[in-house]
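Position chain B against the provided structure of chain A, taking the given hints into account.
As given, the protein sequences belong to chains A and B, one line each in that order.
122 is the number that numbering that gives the first Met the number 0 gives to position 123 of the first sequence; each next residue is one higher, with no gaps.
77 is the number that numbering that gives the first Met the number 0 gives to position 78 of the second sequence; each next residue is one higher, with no gaps.
Rather than coming from a laboratory, the hints here were simulated on the basis of the structure.
Where a beta carbon is used, it is the ideal one built from N, C-alpha and C, also for glycine.
The reader is advised that the hints may include incorrect statements.
Selected chain B positions facing chain A (Cβ under 7 Å, derived; list incomplete) [as the list claims (entries may be wrong)]:
1) 79
2) 84
3) 109
4) 110
5) 153
6) 313
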Amino acid sequence: MFNWPIDPNLSVTGQTYRQRYVDYDPLSDECIARGRTYDNLIRISGLLEEIRLPSKEHNAIAKKLRGANDHSSFYWYKGIPVVMVEPYGWQDYEFVGIEYLRLPIALSPYGTGNGHKTQSLLCVHAANKIVLDQIQEKIA
Amino acid sequence: MKAFTPPPKLHDLGQETALDRLHGFSITGNSQSMRQQMLDDVFVLQDIAILGQWTTLYASPNTGKTLLTLWLLGEALRELKVDGHYVFYVNADDSFKGTVEKTELAEQTGFHMITPNLNGFMSSHIPEMMVQLAVTGEAKGVVIILDTLKKFTDLMHKRESSEFGRISREFISAGGTLICLAHTNKHRASDGKPIYGGTSDISDDCDCVYILDKLDGRMFEDEIAVEFVNVKARGDIAERVSFSYAKKHGQSYAELIDSVKRIDHGKMEELRLSAELTRQLEEDDDVIASVRTAINQAVTTKAAIVKFVADETGHSHAKVRKVLVVRTGAMYSLGHRWSVEIGAHNKSTYSILAATEPAL
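Next comes chain A alone, as it looks inside the complex:
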């Protein structure tokens, strides 16, 4: 047993959003549109993608997003963890201890996948709701 805990946090480098959801078919209309929308979202919101895994701060949010945890990607907003999930459908969700912001269609990157529409939700711990307010202000 180590007397100093080895922190496995952020020890593996994962793929970026673009690598996962755009680059697999970069010349298709769907992926071109997705890549363009994603770039706009990042530019306007000021989100910084976290690709190192596992991130315990992001996982703490993601594990509370049962039922909506699809196409998830991790971000930082000025040091505060933000998780974006893009589930199919347009239903509302209620997550315990989590607040979310539904992105407008023009800034929802995943869009339509396999002929089904998705929605894009930015999720934070309820205590960090101010982050969503600030992002909302930027995209309004």
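Okay, now just chain B, sitting in the frame of chain A:
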């Protein structure tokens, strides 16, 4: 002849020796992972409390330590310097109304409020939780604010304070942040400055200590000035920081917290001088009153005033003469209370100075 067979050593038997254990404790070689865990110098309370340290704020009751701590915390959270999801304010020194008001504030600002006897929490859980957070490696980034410390350990009891210090250090070493609010001693030091209450163990063990003191200097109506004076530091923190707040009858806690402002160094110096002047005027109060009586009775020369006042108050001639000199001038706001005219044969004639501003 009997052959000598040495007794088998522990390491020969494949067992762990004391030296092996000592080597096991060495952190040499772990610096890279430790550096990754190391927290940047981020202020949880701007200029006062750094993330990853144990800071204790001492103040007498009603100084505004809870108010100013909550205001400073709100400032850090609004600027997103700290993740509110990992901030736990343990409010163990409040009425139910106060708890409700502060919980509303926590909901608006974005941090967690914990109160004894609500949701199953008890003050005794805190040391236990700090140990567990340290052991499981979850302490990193967690900020615990204890208001007030005496609800969690007996500050007058050396062994208890020392044990609390040991637990807190484990929590801090694992990356946690602890901010404790505590009371000063009801007696002040000989220089009039407040001193921490209890044994020295808490202030010895923590990283940073501030003592808060209300300034008696003149502010705007209802406004109170408080100065944080650093007495122990580890890291780049401010030596003195000052704030003001306005306390009015019937105001809500939200209004009170909205009234908090930082005071710059120049303004604080002005207030400190004003406070010192007020103190000196109070100290010389009976001499000043007696000098006024003398002048009103047409006793206006220096020697006659000194004799009159010394007889009336019982103070020595030297003391009266000193006050007479110090309070002579033309600026009422600087503490002058009479002016003097030098006439023929160097004769001094005193006259009372009219108050041009509200009396200090």
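Self-check item: Earlier hints that do not hold, by number
Solution: Checked against the structure, the hints that fail are numbers 5, 6, while the rest are satisfied.
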